[in-house]
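Chains as they are written, first to last, in our numbering: chain U, 321 to 736; chain A, 321 to 736.
Check the hints yourself; a few may be wrong.
What the hints assert, rightly or not - Below, simulated PhoX-like cross-link-like pairs (lysine-lysine); rule was C-alpha separation at most 25 Å, straight line: (1) 403/U to 378/A; (2) 429/U to 322/U; (3) 477/A to 713/U; (4) 378/U to 589/A; (5) 491/A to 322/A; (6) 713/U to 589/A.
Keep in mind that the hints were calculated from the coordinates and are not lab data.
Number of protein chains: 2
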Amino acid sequence: MKVGILTIGNELTSGMTQDTNSSYIANEIKTEGWEIAAMMSVGDDESSIASGLDYMLKISEAVIVTGGLGPTADDITTASIAKACGLNLYTDRVILERIKERFEKRNLKWTENNAKQALFPEGAEIIDNPTGSACGFSLERGEKIVAVLPGVPGEMKWMITEGLIPVLRWKFKESEKTTIRTTIKLFGLPESTIDEAIGQLDIDLPGVIIGFYPRFPEIHVVITSVNTDRYAVSENLEIVKMRITERLKKNIFACDYETMEGVVAKYLKSKSMTLAVAESCTGGLIADRLTNVPGSSDFFERGVVAYSNPSKIALLNVPQSTIDQNGAVSEETAVAMSEGIRKTSGTDIGLSTTGIAGPAGGTLQKPVGTVYIALTDGKRKACRKFLFRWNRKRIKEISAQWALEMLRRYLIGRDI
Amino acid sequence: MKVGILTIGNELTSGMTQDTNSSYIANEIKTEGWEIAAMMSVGDDESSIASGLDYMLKISEAVIVTGGLGPTADDITTASIAKACGLNLYTDRVILERIKERFEKRNLKWTENNAKQALFPEGAEIIDNPTGSACGFSLERGEKIVAVLPGVPGEMKWMITEGLIPVLRWKFKESEKTTIRTTIKLFGLPESTIDEAIGQLDIDLPGVIIGFYPRFPEIHVVITSVNTDRYAVSENLEIVKMRITERLKKNIFACDYETMEGVVAKYLKSKSMTLAVAESCTGGLIADRLTNVPGSSDFFERGVVAYSNPSKIALLNVPQSTIDQNGAVSEETAVAMSEGIRKTSGTDIGLSTTGIAGPAGGTLQKPVGTVYIALTDGKRKACRKFLFRWNRKRIKEISAQWALEMLRRYLIGRDI
Numbered sequence: 321m322k323v324g325i326l327t328i329g330n331e332l333t334s335g336m337t338q339d340t341n342s343s344y345i346a347n348e349i350k351t352e353g354w355e356i357a358a359m360m361s362v363g364d365d366e367s368s369i370a371s372g373l374d375y376m377l378k379i380s381e382a383v384i385v386t387g388g389l390g391p392t393a394d395d396i397t398t399a400s401i402a403k404a405c406g407l408n409l410y411t412d413r414v415i416l417e418r419i420k421e422r423f424e425k426r427n428l429k430w431t432e433n434n435a436k437q438a439l440f441p442e443g444a445e446i447i448d449n450p451t452g453s454a455c456g457f458s459l460e461r462g463e464k465i466v467a468v469l470p471g472v473p474g475e476m477k478w479m480i481t482e483g484l485i486p487v488l489r490w491k492f493k494e495s496e497k498t499t500i501r502t503t504i505k506l507f508g509l510p511e512s513t514i515d516e517a518i519g520q521l522d523i524d525l526p527g528v529i530i531g532f533y534p535r536f537p538e539i540h541v542v543i544t545s546v547n548t549d550r551y552a553v554s555e556n557l558e559i560v561k562m563r564i565t566e567r568l569k570k571n572i573f574a575c576d577y578e579t580m581e582g583v584v585a586k587y588l589k590s591k592s593m594t595l596a597v598a599e600s601c602t603g604g605l606i607a608d609r610l611t612n613v614p615g616s617s618d619f620f621e622r623g624v625v626a627y628s629n630p631s632k633i634a635l636l637n638v639p640q641s642t643i644d645q646n647g648a649v650s651e652e653t654a655v656a657m658s659e660g661i662r663k664t665s666g667t668d669i670g671l672s673t674t675g676i677a678g679p680a681g682g683t684l685q686k687p688v689g690t691v692y693i694a695l696t697d698g699k700r701k702a703c704r705k706f707l708f709r710w711n712r713k714r715i716k717e718i719s720a721q722w723a724l725e726m727l728r729r730y731l732i733g734r735d736i
Numbered sequence: 321m322k323v324g325i326l327t328i329g330n331e332l333t334s335g336m337t338q339d340t341n342s343s344y345i346a347n348e349i350k351t352e353g354w355e356i357a358a359m360m361s362v363g364d365d366e367s368s369i370a371s372g373l374d375y376m377l378k379i380s381e382a383v384i385v386t387g388g389l390g391p392t393a394d395d396i397t398t399a400s401i402a403k404a405c406g407l408n409l410y411t412d413r414v415i416l417e418r419i420k421e422r423f424e425k426r427n428l429k430w431t432e433n434n435a436k437q438a439l440f441p442e443g444a445e446i447i448d449n450p451t452g453s454a455c456g457f458s459l460e461r462g463e464k465i466v467a468v469l470p471g472v473p474g475e476m477k478w479m480i481t482e483g484l485i486p487v488l489r490w491k492f493k494e495s496e497k498t499t500i501r502t503t504i505k506l507f508g509l510p511e512s513t514i515d516e517a518i519g520q521l522d523i524d525l526p527g528v529i530i531g532f533y534p535r536f537p538e539i540h541v542v543i544t545s546v547n548t549d550r551y552a553v554s555e556n557l558e559i560v561k562m563r564i565t566e567r568l569k570k571n572i573f574a575c576d577y578e579t580m581e582g583v584v585a586k587y588l589k590s591k592s593m594t595l596a597v598a599e600s601c602t603g604g605l606i607a608d609r610l611t612n613v614p615g616s617s618d619f620f621e622r623g624v625v626a627y628s629n630p631s632k633i634a635l636l637n638v639p640q641s642t643i644d645q646n647g648a649v650s651e652e653t654a655v656a657m658s659e660g661i662r663k664t665s666g667t668d669i670g671l672s673t674t675g676i677a678g679p680a681g682g683t684l685q686k687p688v689g690t691v692y693i694a695l696t697d698g699k700r701k702a703c704r705k706f707l708f709r710w711n712r713k714r715i716k717e718i719s720a721q722w723a724l725e726m727l728r729r730y731l732i733g734r735d736i
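One chain only, chain U, in its complex shape (with noise of 0.2 Å):
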């Protein structure tokens, strides 16, 4: 079965709001196993969505419709679909009762604008919506549905999932086909390196799609497989996961909705293991990732951002010695913050970073992208140098996912 997406709003046309219903939709609909024809955005204008209706319904089975359901003016999406299939609008008494109520219980003005949600077209089957008072609805036309929604994200996605999806799963029952993915995360590697080792697996399965997607810093790869066969959809998918794995190991950092934070946190977790951050060049970065992880003040002390050389050999008890002889950004400072932060908090572990952000800053010797990233543990005390390009904004985000990386490798015994 093949699905179109039409969303609709001049907010989407003008570039002013990222429409991202579509990929939501689109999502849950490749989850169910079919397929999408196209997405399509059109203003608020009445012949650009009857045009935009009238293509996607000679593309697909079933077309989705989001946007344009609000009280105002400008929301004009029931009445153009409605005009767009020949058919009248007539008011639901039962839905303005609900919105009516809404506005009595909120203490707000009711305004005869407001009647407008409880429009619907003649043998419109209505899509109930709990959260908002924009109810959509759904349009038999011959063989096809046409299905419209409002744009809310939240009260969007409820509906698609609880309304719409049963409806369409009821009226293309012939559907058989399953699909499952699955993302594996790594960090590390060039992107072409990736490519060129899961291109020598010679995966040739039926129905398994692999795809690269690069989430600077990381490189996702993503495992799709579909099959008529319900026990070889998930086959199928394992057997190239654990070829994948098997080969790229060590740059797996988590996989699905998994997130390097998390994955750091667990493993602090379960080792009741305590951390403490000395983060120069990446200004906070790395203890606003870790904090975003609840409970994590189990295994999180404390953060210092040690911007100043004074607050280094302040709060880190790094020697100005240390910092005249080698610089701020050096070797020896990075291992001292890391060693400082360490003992001044009591924590098990101790993570620095120190280096040029840029845009200025940068010598000969030490340019724009020079990072060192320093872990000690009270015997070990491990410390990388990098060199990265990019601007200020990404050399702190690859900065930061380096040395939860490190921090990584280091929980699972490996070479950091």
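Position chain A against the provided structure of chain U, taking the given hints into account.
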């Protein structure tokens, strides 16, 4: 002039990758005073590309296509467009040599599939790509134009501005409408209050549109002015901007590309003042945002992420008794943290946050979302208590934003 945008790639129709090219191009096109007829995404599939192109050519004068110009087997855009237009492909010898040179320079092994990127439809005007190997091209179809560009955002953006827009300007020079746009960024008021305030201004100027775009935790009001009169277009924009500014001045913190951290940095630098930050619940996010500003070492002395009580005591000299009597999440502790970081770092201003970001840790007296933010300068001690809803990440985000907003208010001499 109407423009259609066609983005190509299985990663788009599978929902794996968000299409950001369309909204970028739409924005560029609107700025030229042209309209977007529709934006469409299709997979790497010959018949979908042909059908999509055909539809787009019907509803617009120019079609901009991106994606599918790479060297791999699934990159079929050039061949599909040529076939749809009934044109043969030819190899451009100059481009081919250049691609080979790139391989040599980088010591990469040449494989024959890379020659594909030197193939163009007969009669195509090549659009140069100085940063990548995939050149674009444009084709005249009667009075209409089809332009094809690579999908890599960094390459596409340059080629749109420097390569394609000048061609379109020349080809469609009858276009006389000018569109200009400005964004007013607000914080600290609900959307409905801003909506009502602007509604009451009762602005009715020809060609002026006002849009609301919530960008958590900010709200952006975008004024668009379209006019054939080059003077009226900017005059109308200025009038509306002035009237909105008069009404909502207190909550406007920036315009257009300025950010909250950029504005705060500008004020700190112009006053030659220095800052240190002590973060608990924001976990380093304030330091991260401030250090994203180039040259932040001029004013940002240090940051401390004092997640544990011992770290609040050791690094910020918060008295144990203050924590014992009032709790770590309290006005007293927030002020002591702010005073502590200011004194130990010797800066003019100390800024601190302490709160419960959740999901665990809430109590009846201090539920999840309770946050104290304090600012001290040696004379004044300002502290505000907030009770936020939302999840852990959003509580961090809005707390960091409020801390920067309090700092902004302080720097312009307003009530905090």
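Verification of the hints:
1. The suggested pairing of residue 403/U with residue 378/A holds, with an alpha-carbon distance near 21 Å, which does not exceed 25 Å.
2. Taken as a hint, the residue 429/U and residue 322/U pair is broken in the structure, with Cα atoms around 44 Å apart against an allowance of 25 Å.
3. Distance hint between residue 477/A and residue 713/U is fulfilled; the C-alpha atoms sit about 19 Å from each other, no more than 25 Å.
4. Restraint check for residue 378/U and residue 589/A: not satisfied, since their Cα atoms lie roughly 60 Å apart, outside the 25 Å limit.
5. A threshold of 25 Å between alpha carbons decides the hint, and for residue 491/A with residue 322/A the separation of about 13 Å falls inside it, so the pair holds.
6. Distance restraint check for residue 713/U and residue 589/A: the Cα-Cα separation of roughly 20 Å lies within the 25 Å cut-off, and the hinted pair is therefore satisfied.
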